[in-house]
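S.K.: Based on these hints, arrange chain B on the given structure of chain A.
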Amino acid sequence: MAVGQRAIEAAGLRHVPGRLERLRQWWEQEDVFGYGLILPALVLLTCLVAYPFGMAIYFSLSDYWVGSPGQFVGLANYREILGNETFRQTVQNSFVFTGIALTLKTVLGVWLAVLLARDVRFKRVLRGAVLLPWVIPTALSTLGWWWMFDSLYSVVNWTAIRLGLMSAPGPNWLGQSSYAMAAVIVVNIWRGLPFFAITVLAGLMSIPREFYEAAEVDGASSRQRFWHVTLPLLKPVLAVVILFSTIFTFSDFNIVQVLTRGGPVNTTHLFATLAYQIGLQGGNLGQGAAISLFLFPMLAMVVFLQLRYIRKD
Amino acid sequence: MTGTTRREFLKASAAASTGLATSLALGRAPAFAQKRELTFLSWNHFVPASDDELRRQAEVFAKQANCSVRVDTMAHLQMPAKVAAEAQSQSGHDMYRSAGADPFLYEHLHANLDDLVDKLGKQYGGWYPFAAEMNQTKSGWKGVPWFWVSFPGNYNQAHFKKAGFENPPKTWAELLSMGKVLKKQGNPVGIPISHCSDAHSTYWSVAWSFGARVIEADGKTPAINSDKTAQVLDWYKELYAEAMEPEVLSWDDAGNNRFLLSGKGSWIHNPVSPYNAALKEKMPIADDINHHNSPAGPAGAHSAPPILGIAVWKFSKNVELAKEFIQFLFKKENYDAWIVASNAFNHPPLRHLADHPIWARNPKFAMLPKEAEFGHPRGWPAKPSDAVQRIDDNYVMADMVAKVVNGMPPKRAMEWAQDQVARAIKGQLKVG
Numbered sequence: 291m292a293v294g295q296r297a298i299e300a301a302g303l304r305h306v307p308g309r310l311e312r313l314r315q316w317w318e319q320e321d322v323f324g325y326g327l328i329l330p331a332l333v334l335l336t337c338l339v340a341y342p343f344g345m346a347i348y349f350s351l352s353d354y355w356v357g358s359p360g361q362f363v364g365l366a367n368y369r370e371i372l373g374n375e376t377f378r379q380t381v382q383n384s385f386v387f388t389g390i391a392l393t394l395k396t397v398l399g400v401w402l403a404v405l406l407a408r409d410v411r412f413k414r415v416l417r418g419a420v421l422l423p424w425v426i427p428t429a430l431s432t433l434g435w436w437w438m439f440d441s442l443y444s445v446v447n448w449t450a451i452r453l454g455l456m457s458a459p460g461p462n463w464l465g466q467s468s469y470a471m472a473a474v475i476v477v478n479i480w481r482g483l484p485f486f487a488i489t490v491l492a493g494l495m496s497i498p499r500e501f502y503e504a505a506e507v508d509g510a511s512s513r514q515r516f517w518h519v520t521l522p523l524l525k526p527v528l529a530v531v532i533l534f535s536t537i538f539t540f541s542d543f544n545i546v547q548v549l550t551r552g553g554p555v556n557t558t559h560l561f562a563t564l565a566y567q568i569g570l571q572g573g574n575l576g577q578g579a580a581i582s583l584f585l586f587p588m589l590a591m592v593v594f595l596q597l598r599y600i601r602k603d
Numbered sequence: 005m006t007g008t009t010r011r012e013f014l015k016a017s018a019a020a021s022t023g024l025a026t027s028l029a030l031g032r033a034p035a036f037a038q039k040r041e042l043t044f045l046s047w048n049h050f051v052p053a054s055d056d057e058l059r060r061q062a063e064v065f066a067k068q069a070n071c072s073v074r075v076d077t078m079a080h081l082q083m084p085a086k087v088a089a090e091a092q093s094q095s096g097h098d099m100y101r102s103a104g105a106d107p108f109l110y111e112h113l114h115a116n117l118d119d120l121v122d123k124l125g126k127q128y129g130g131w132y133p134f135a136a137e138m139n140q141t142k143s144g145w146k147g148v149p150w151f152w153v154s155f156p157g158n159y160n161q162a163h164f165k166k167a168g169f170e171n172p173p174k175t176w177a178e179l180l181s182m183g184k185v186l187k188k189q190g191n192p193v194g195i196p197i198s199h200c201s202d203a204h205s206t207y208w209s210v211a212w213s214f215g216a217r218v219i220e221a222d223g224k225t226p227a228i229n230s231d232k233t234a235q236v237l238d239w240y241k242e243l244y245a246e247a248m249e250p251e252v253l254s255w256d257d258a259g260n261n262r263f264l265l266s267g268k269g270s271w272i273h274n275p276v277s278p279y280n281a282a283l284k285e286k287m288p289i290a291d292d293i294n295h296h297n298s299p300a301g302p303a304g305a306h307s308a309p310p311i312l313g314i315a316v317w318k319f320s321k322n323v324e325l326a327k328e329f330i331q332f333l334f335k336k337e338n339y340d341a342w343i344v345a346s347n348a349f350n351h352p353p354l355r356h357l358a359d360h361p362i363w364a365r366n367p368k369f370a371m372l373p374k375e376a377e378f379g380h381p382r383g384w385p386a387k388p389s390d391a392v393q394r395i396d397d398n399y400v401m402a403d404m405v406a407k408v409v410n411g412m413p414p415k416r417a418m419e420w421a422q423d424q425v426a427r428a429i430k431g432q433l434k435v436g
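Heads up: the sequence lines are chains A and B, in that order. Using the working numbering, you'd call the opening residue of the first sequence number 291 and step up by one each time. Using the working numbering, you'd call the opening residue of the second sequence number 5 and step up by one each time.
Derived by calculation from the structure, the hints in this document are not laboratory data. One or more hints might be untrue.
Dumping the calculated EDC-like pairs for lysine to aspartate or glutamate here, alpha-carbon to alpha-carbon at most 20 angstroms [said to hold, decoys possible]: (1) B/K224 / A/E370; (2) B/K430 / A/E375; (3) B/K321 / B/D118; (4) B/K268 / B/E170; (5) B/K430 / A/D440; (6) B/K268 / A/D440; (7) B/K224 / B/E63; (8) B/K415 / A/E375; (9) B/K187 / B/E249; (10) B/K368 / B/D118; (11) B/K166 / B/D291.
Anything over 10 angstroms on all C-beta distances counts as not near chain B; from chain A, calculated [claimed, not checked]: (12) V356; (13) Y368; (14) F439; (15) L464; (16) M471; (17) F516; (18) F534; (19) G553; (20) P554; (21) L585; (22) P587; (23) R598.
Cβ atoms here follow ideal geometry from the backbone N, Cα and C, with glycine treated the same way.
Bound conformation, chain A alone:
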């Protein structure tokens, strides 16, 4: 074909491009083709992310009830929820929940990753098994935990009492505020730990051995190697994992909904469960949206700062 083209040009005949050819030339321009490639992703993002998000913001600023569109009311919904003691309790719960769960997930996650990085037998099986809690559908695995925390048939209490660690009947896991909070945090850690461990493990694997060898030559103890080699080099990975986990943990829903439905006395409600209760069960979509969007400015700030920090590194 190319030869043919050249032959025609050599013969001095002017080439008149056909309709199809012109379309192809237009299509092959870099800016057209490039945008064409990202168009499908853009359409998906617009329909599945931007549109619902925009709707949520609109709901939160309007007096919108299920099946009855309302008027624009400005920040009235936000003022209303701030005046509600249950919501203030929820804000407090969310910070306690996320703070404790995230700290423990980070510490335990790094620890687990360091253990998994060792050369042991059945290394692959072990690494796969660690991922299990992350793979099983949360609603399902949480039901298992719910049964383990049951007031009457708690296997946790039964075992601890038999081992003499607790006096009968043991704590009422889902019925007393602090125990219930502890229970949902434990399940969140159990569920989120694999994500931490495996990601950090990947980070560990990418640290060149030479650094450790150099440190050893300089006489660094294993603790010093961890603090001065491992941790600083893990920082970028850790920052990303913590960023993701902060968002996941703040917006957790399944675990609380299955275990306590926000009880006892709203002491385990998180933003998502309260928004569900008020927005969908209670029908007040406006307030429900306001509750779930309440954290958005703060989380956006966290994301912005962390991403900037990562880029600087």
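M.R.: Quick look at chain B alone, frame taken from chain A:
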């Protein structure tokens, strides 16, 4: 390029329009669309045999009416969200099992069923007043009362006998005094104080029996902060400390069932489902379980039984077919078969249908139909409203009681609840 040429397109569309013209001329839908499909969203019944019977009747109806009927069921706790989603998108099933204040929440989205309700009422000796109140809005009947679930006392006769009590408690005060003895014996009583619907069913009963209200009859004035409520809270506090165990703070709706069936609990306030479950599983404890009418208080006996209805969406294309189906379900032989399948769990809201021998025959069920006489919709004496539903959805009373049993002074807990009730009402006034 080979594609559809203009000529081919013309040919195809001519053929299509001829077909359309034919079916229009014949006055019926083309064969592939002839069968109408009626869809019904219901709950997973606590007695599964009841759903089997419902599906069987749906099939019979489908044959008669030359349509197909699809009955979908889902967990009762997920129903509100699903119904809200259908209301929001104005699409989904043709009809659904309504509960609480659904007819009021979606008043303008439900089809009007005045004629059907009127017809059934005349046919079967009239509706019980409470059942009717649940579905009659300002713009007419927005649902047909389908059935109600008695909420009596369930007790373990053996435990009561061992503690020296021949008869079950007639009043809430008696329950307290008996409960103290029973707890010492190792068989506490149990009323959930947690985020579950049973917690509120019992709260309404107790509160009304003490003469307490949550909202005034006008439906606009919060009334929970009162001396009467303070009495209710004192009663709960004493019952919690001396006749119950902290596990009641963590129960879901099945918590009290497990408590009674485990053999530990001596008394719960619940539909008769534990007994039915024990029978079905052939558990020996079935012999020990018996029922008695919901206890009374200084202001008489009252109860807040779950009352369920059937609503038809206005957006449905099968409103008339749905009404026919409802009428079919209410045929005496069908309704009777359904009562039997549920083993007396489903109570008819129509007087004459309540004469079914299943209750008279079994001494453990004999008192159940009587419960209809003192049942009220939640929120009573106010009309059922979405505000009442919100108070229930937000577990306001369960939380108020939980605060008190955990040591908060009743006065402060009531002030908190009053604020929550006021917020629920304020939301209601905004609905246009």
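S.K.: Of the numbered hints stated previously, which ones are contradicted by the structure, given in increasing order?
M.R.: 5, 7, 10, 12, 14, 15, 19 and 20
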